[in-house]
Amino acid sequence: MPATIAPDLAAAFTPVAPAHQQLHLQQPHLSLCTSSTDSPPTTTAPAAATPVLSTPVIATSTSPTDAQPSAAAPPVNTTPVLATSASPLSTSTQQHSLPSAAPPSPIKHHMVTRAQNNIHKPVRKLNLHTSLHQSADIEPTTVTQALKESCWRQAMAEECNALINNGTWELVQPNPSTNVIGCKWIFRIKRKSDGTIDRYKARLVAKGFNQRPGVDYFETFSPVIKPTTVRLVLSIATSHGWPLRQLDINNAFLQGQLTEDVYMAQPPGFIDSDYPTHVCKLRKAIYGLKQAPRAWYHELRQFLITSGFTNSYADTSLFVLKTGGALLYLLIYVDDIILTGSSTTQVEQFVDTLARRFSLKDLGSLSYFLGVEVLPHKHGILLSQRRYIMDLLARTKMTGAKPVQTPLPTSPPISLYSGTPLEDPTTYRTVVGSL
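If you use our numbering, the sequence shown corresponds to residues 6 to 440, in order.
Since the hints were derived computationally from the structure, they do not count as laboratory data.
Yeah, the Cβ is synthetic: ideal placement off N, Cα and C, and Gly gets one too.
Among the hints, a few may not be true.
[As the list claims (entries may be wrong)] List time: in silico PhoX-like cross-link candidates among lysine-lysine, alpha-carbon distance up to 25 Å: (1) 212 <-> 295; (2) 231 <-> 366; (3) 195 <-> 366; (4) 206 <-> 295; (5) 197 <-> 366.
[As the list claims (entries may be wrong)] Ranges of calculated distance between the beta carbons of each label pair, as one might list FRET restraints: (6) 421 <-> 170: 51 to 57 Å; (7) 150 <-> 279: 25 to 31 Å; (8) 434 <-> 318: 31 to 37 Å; (9) 283 <-> 166: 14 to 20 Å; (10) 182 <-> 424: 44 to 50 Å; (11) 321 <-> 406: 35 to 41 Å.
With the hints as extra help, turn the sequences into a complete structure.
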């Protein structure tokens, strides 16, 4: 038997449209409520009263098509009303107000932007590229950075002028088959024994890794002095009270003569405007070449042998001179030289002779050599590596580290397969090699 609605209820409520007619109205942002906030709540409606659109109606469990309105009731508005109340068939009028503004339109795409997740670009409060050039205590890594500081520009000009005056190269037109190696600038700050800045050094270095063996170079070995030889000579000089002189050869690697044909690009920042396409044919060695240390050693050794020195068989970096009853010892480590002897006059004479052949810097009494500080004492000299250790700690960022009794942990045992391999082992090799 079909369900019916009482006449008094039919007069107070609006009939509900079939479900298939109200599907298109089921949108959460629409509102069709037109009830007045001033109407008091009522429980029954008089027979002559015209029904109003009040509380939205929700369909009952009985199909709305089976429910027929009372014949005595006046006509009602048949416009479908969207249900917004969760309580079915409420008998009290609920208060609703019209929205003051239209709600925002829904997002029509599924793209999630950074702004929606509150992700924004960081505000650059410090320009690191600019601040790098504000302090002359920082070593630049590129030519662009160095050219912004007058001290580095002057150092680059001095290096380039020294190369030209030394006759290191000549500009030639390259052949298509010529192997032209590149070059770059290396910038270093030379410091005194107390850590203060001594000078700014700009060095032009050839990219020797582009050299071809058997074409651009052959032999590369060059000897270096042994630490035991240095301690032995210092002990002899201290026990006899001999003076210790320290010399530094300027642009030492530029003195060696080359026997191979090596071609290099013009220095960055100093390209000849008249011959921009030419390359440098090297007459003498330059820093970075694989044969440069060997060429310099043979050039200096030949000069010392000509001056009367004898090369030691125990250490090829030790030279001994016996003349007029005087005895001189000369130690070589690349471009650093230690000179001592029984006669101060003979030492001064040889320094003048060496200065006429090579451009050198007389550093006076020995103070710092190969990471060892030489401190004079009333009973002799004191050798200390404090500065070397502090530089190593600063380089590895361990200045505030606490000392330990063992250099490495004894447990757990180290194996070849434990831990994670380093992406760049350069730092590890540098630190281990400095110990």
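Hint check:
no. : hint                    : verdict
1   : 212 <-> 295             : holds (9 Å)
2   : 231 <-> 366             : holds (23 Å)
3   : 195 <-> 366             : holds (14 Å)
4   : 206 <-> 295             : holds (22 Å)
5   : 197 <-> 366             : holds (14 Å)
6   : 421 <-> 170: 51 to 57 Å : holds (53 Å)
7   : 150 <-> 279: 25 to 31 Å : holds (28 Å)
8   : 434 <-> 318: 31 to 37 Å : holds (33 Å)
9   : 283 <-> 166: 14 to 20 Å : holds (19 Å)
10  : 182 <-> 424: 44 to 50 Å : holds (48 Å)
11  : 321 <-> 406: 35 to 41 Å : holds (39 Å)
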